[in-house]
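2 protein chains.
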Amino acid sequence: MIYIGILGFGVVGSGVTEVISMNSEKITTHLGQTLKVKRILDVREFPESEFADLLTSDADVFFNDSEISIVVETVGGVGIAYEFTKRALSQGKTVVTSNKELVATHGVELMSIASQNNCAYLFEAAVGGGIPIIRPLHRCLAANRIMKITGIVNGTTNYILTQMTLSKTDFKSALLRAQEKGYAEKNPSADIDGTDAQRKISILASIAMNGAYVDPNKIYTEGITTIDSTDIAYAKAMHAKIKLLAIFSNPDDTLAEMIVAPHLVDEEIPLCVASGVFNAIMVKGNALGDAMFYGKGAGRLATASAVVGDVLDGALHKGKNAHITQWYYPEKEILFPFDDMKVKALIRVLKTTDESKVREVFPQIDVEPMDSVVDNETSFIVGRDGNLTEKDLAEAINKIPGYISRIRIY
Amino acid sequence: MIYIGILGFGVVGSGVTEVISMNSEKITTHLGQTLKVKRILDVREFPESEFADLLTSDADVFFNDSEISIVVETVGGVGIAYEFTKRALSQGKTVVTSNKELVATHGVELMSIASQNNCAYLFEAAVGGGIPIIRPLHRCLAANRIMKITGIVNGTTNYILTQMTLSKTDFKSALLRAQEKGYAEKNPSADIDGTDAQRKISILASIAMNGAYVDPNKIYTEGITTIDSTDIAYAKAMHAKIKLLAIFSNPDDTLAEMIVAPHLVDEEIPLCVASGVFNAIMVKGNALGDAMFYGKGAGRLATASAVVGDVLDGALHKGKNAHITQWYYPEKEILFPFDDMKVKALIRVLKTTDESKVREVFPQIDVEPMDSVVDNETSFIVGRDGNLTEKDLAEAINKIPGYISRIRIY
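Top line first, the protein sequences correspond to chains A and B.
For the first sequence, the residue numbers in the numbering used here are 1 to 410.
For the second sequence, the residue numbers in the numbering used here are 1 to 410.
Be a bit skeptical, because a hint or two may be false.
Identical chains share a label here; the pair holds if one copy fits it or two copies do between them.
[To be verified] Here are the simulated SDA-like cross-link-like pairs (lysine to any residue), alpha carbons at most 20 Å apart as the crow flies:
id, residue 1, residue 2
1, 320, 33
2, 148, 359
3, 86, 290
4, 26, 212
5, 148, 331
Note that these hints are calculated values from the structure, not bench results.
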C-alpha cells in the first residue's frame with residue numbers, strides 16, 4: 001500500500017482523488033499495490049465531501065504522518081506552497097505538483113532538497129496540463145540535443161484568440177466568454193499578460209538546457225491584450241492564425257533565444273492544429289527532428305491525471321530521485337540578448353502615412369507593402385530578409401508617423 | 001562506464017553509434033557516466049567503418065563479453081533476432097529494440113524472460129520511430145484508462161497517399177517515387193498491405209489493455225493498394241483526406257474494436273496534420289481526454305535516438321525491469337467480433353446502377369446519394385445512422401450491380 005497526502009483540496013486536488021478512485025484498478029495493476037489518499041490538508045472545511053474524514057487544517061498532523069510517502073501539492077503560488085514543499089522534501093517525501101509558478105521560481109532549490117533526501121520533485125502537470133511533455137522531453141529525448149521548442153502553452157489565451165477569429169468578437173467580449181465558460185479566471189492577468197506561458201517555457205527551457213535554470217523574468221514577454229479584430233483580419237488574409245507562442249531556440253548549442261509573444265503563424269504549420277483551449281508543443285531534437293505534443297492543456301481531470309501519473313512514477317522509484325536532472329544556476333549568461341534577436345513583423349500604419357516614410361525608418365531592411373484589410377490603414381511586412389533586430393524594430397516604430405501597431409511573424 | 005553491444009550494423013544500428021557519438025556530452029550528463037559501444041555483431045564486414053575494430057561476426061564473442069550490460073537489437077525480423085534477444089535477456093542484459101515484428105510476435109515471452117532475469121525489454125523505437133509514444137502511453141498515462149487510440153503509424157503509406165493527393169499521381173507512380181526517395185523498400189508489401197501498421201497497433205493495444213496481448217494476426221487489416229485517383233477526388237470533394245488508420249477502441253472497458261484500413265478522415269480532424277512520411281497518434285484517456293503525438297515515424301537518426309533514449313532508461317534502471325508492465329496471453333477473447341463492428345462507408349457504383357438497387361441491399365440503413373466526381377459513376381454514403389455492421393456491408397456490396405469499391409469513413 002502506498003499512502004499519499006494532498007496539499008490543497010481545490011480543483012486539481014479534488015481531481016486527484018477522483019482520478020485515483022475512477023481508475024483504481026488500472027493504478028493497482030501498474031503499481032503492483034494499491035494507492036490510497038491518507039490525508040488532505042486544507043484550511044477550508046468540506047463537510048459534504050466523501051473525503052471529509054481525511055481532511056485536516058493542521059499542518060503538523062499532515063506532516064507528522066509517517067505513513068505518507070508522497071505529497072501532492074496543488075495549493076498554487078509561491079507562498080505557503082513553497083514552505084510545504086520544502087518541508088515534505090526535507091522529510092524524504094517525493095512531492096508531485098501542478099504548480100508551474102513554484103517550479104519556475106524555486107525549482108533549483110527544491111530539486112536540490114529532493115536530491116539530498118533521496119526523493120523527487122515531479123511536475124509533469126505543470127506544463128501542458130495532462131499532455132505528456134516533461135517526461136518525454138527529459139526521458140524519451142534524452143539522446144537528443146534540444147534545438148528548439150515552440151509552444152502554444154496557455155489554453156486561456158488560445159481560446160480567446162480562437163473566439164476572436166471564429167466569432168469575430170473583440171478581445172474584451174472573447175475574454176468575458178472565456179470567463180463565463182470557466183476557461184479564464186476572474187483575474188485573468190497571468191494568462192493574458194503572458195506570465196503563465198513565460199513560466200512554462202522557462203521550465204521546458206531549463207530541461208532543454210540540461211538543467212541550466214532559465215529565470216522566467218529574463219524572458220521577454222508580451223501578452224495578447226493589444227490584439228484587435230483588425231489583426232485577426234490580417235491573419236485571415238495572410239492564411240495565418242494569431243497564436244501566443246512561447247519560444248526557446250538554441251540550434252547551435254550556444255545562447256538560447258527566447259520570447260513569449262503573439263505571432264502570426266502560417267495555417268499550414270502543424271502547431272495551428274491547436275485551437276480553442278488546446279495546447280501544442282513542437283520540439284526539435286538534433287537526431288529526432290520535429291515532434292509535436294498536442295492536447296487539452298488544462299482541465300481538472302486532465303491535469304489531475306498527469307499528477308497521478310507522477311505519483312505512480314514516484315512510487316515506483318521510492319527512495320530514489322526518479323532520474324530527474326538536477327537544475328542549477330548557470331554561472332554565465334545563457335540567453336541571447338533580446339535586442340539582437342532577429343524578427344519579422346507586420347506593421348500597421350494610418351493610410352495617410354506615405355510608404356517612403358516607412359522605408360526611411362527601415363534602412364537596408366526588406367519592406368514589403370501588404371494589401372490593406374481595412375479602409376483607413378495600410379500595412380507592411382518588414383524583416384523577411386532576416387536582417388531586422390528587435391532593437392531596430394522597437395526604435396523604428398517610434399519614428400513612423402501614424403504608426404498603429406506591429407505583430408511578429410513566426 | 002556503461003558498455004553496450006549492437007546486434008546488426010544496418011541503418012538503425014549504425015544510426016545508434018552516430019547518435020551516441022554526436023550527443024555524447026548530453027548523454028553523459030543525463031547518465032552521470034559515459035556510454036560506450038563495446039561490440040557490434042554483424043555477418044557483414046565494414047573495413048571502412050570507424051567501428052571496424054568493434055565488429056565481430058562471432059556471436060559467442062559478443063555474448064560472452066560480460067562487460068556489456070545492454071544489447072541493442074536492430075537486426076529485424078523474427079528469426080535470428082528472436083534467438084539473440086532471448087540469449088541476451090537470459091544473461092540479464094536489457095535489450096532495446098526497434099523491431100516491431102518481434103515485439104508484436106514474441107513480446108509476451110521476451111518480457112517474461114526479462115522479468116525473470118531482472119532486466120528489461122524496451123521498444124520505444126518500435127512504434128512511431130523517434131516520436132515518444134510507448135513511454136508516454138505506459139508511464140505518463142498510467143493513471144488513465146485508455147479508451148481509444150487512432151494512429152497514422154506507417155510513413156510509407158502516408159507518403160504514397162499524400163503524393164497521390166498533391167501530385168494527382170496513381171498508386172503505382174506514387175509507390176515508385178516513395179522507393180526512389182528511400183521511403184519505401186524494394187519489397188514494400190509489409191507497408192502497403194498494412195502489416196506494419198497492424199503490428200504497431202497490436203503493440204499499442206497490448207499496452208492500452210494493461211498487458212493483455214493482442215495478436216496482430218487477429219486484427220482485421222486492409223492495405224492501400226486498391227486506393228485510386230477517384231478515391232482521392234472523392235476525398236477532396238468531401239473535404240477529407242485518405243489515411244491508413246490503425247484503430248483501437250474500447251470506451252467501455254469491455255471488448256476492443258480494432259481495425260487497420262484506409263479511411264476518409266475529415267480535414268478538420270487533428271490527425272490530418274500528418275502528411276507525407278509523418279506519423280500522428282491520437283490517444284484518448286478517460287481522465288486526460290485527447291492527446292496527440294506527431295512526428296517523423298521513421299528515419300535513421302530519429303529511430304536511433306529513440307533506441308538510445310531506451311538505452312539510457314535501461315542504464316538508469318540497471319538490474320531492474322524498468323517498470324514495463326508484463327504482457328500476458330489473455331484467457332478470454334478480448335477483441336470485439338469484426339463482423340459486428342459498426343461502419344460508415346462511401347460506396348462507388350457505375351452510373352448505370354439505379355439508386356433503388358443500392359437502397360434495396362441496405363434495408364433500414366441510411367443511404368445518402370453523393371455528387372459524383374467522375375462521369376461514369378455515382379456514389380453513396382451508407383451507415384451514417386450507426387446501424388450498419390461490417391458483415392452487412394460486406395454482404396451488401398456483393399449484391400450491388402455495377403459495384404466498384406467502398407472506402408470507410410472515420
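Against the structure, the hints:
no. : hint      : result
1   : 320 - 33  : both (18 Å within a copy, 18 Å between copies)
2   : 148 - 359 : neither (32 Å within a copy, 55 Å between copies)
3   : 86 - 290  : neither (37 Å within a copy, 34 Å between copies)
4   : 26 - 212  : between (36 Å within a copy, 12 Å between copies)
5   : 148 - 331 : neither (22 Å within a copy, 47 Å between copies)
In the structure shown, a violation is registered for the earlier hints numbered 2, 3 and 5, in ascending order.
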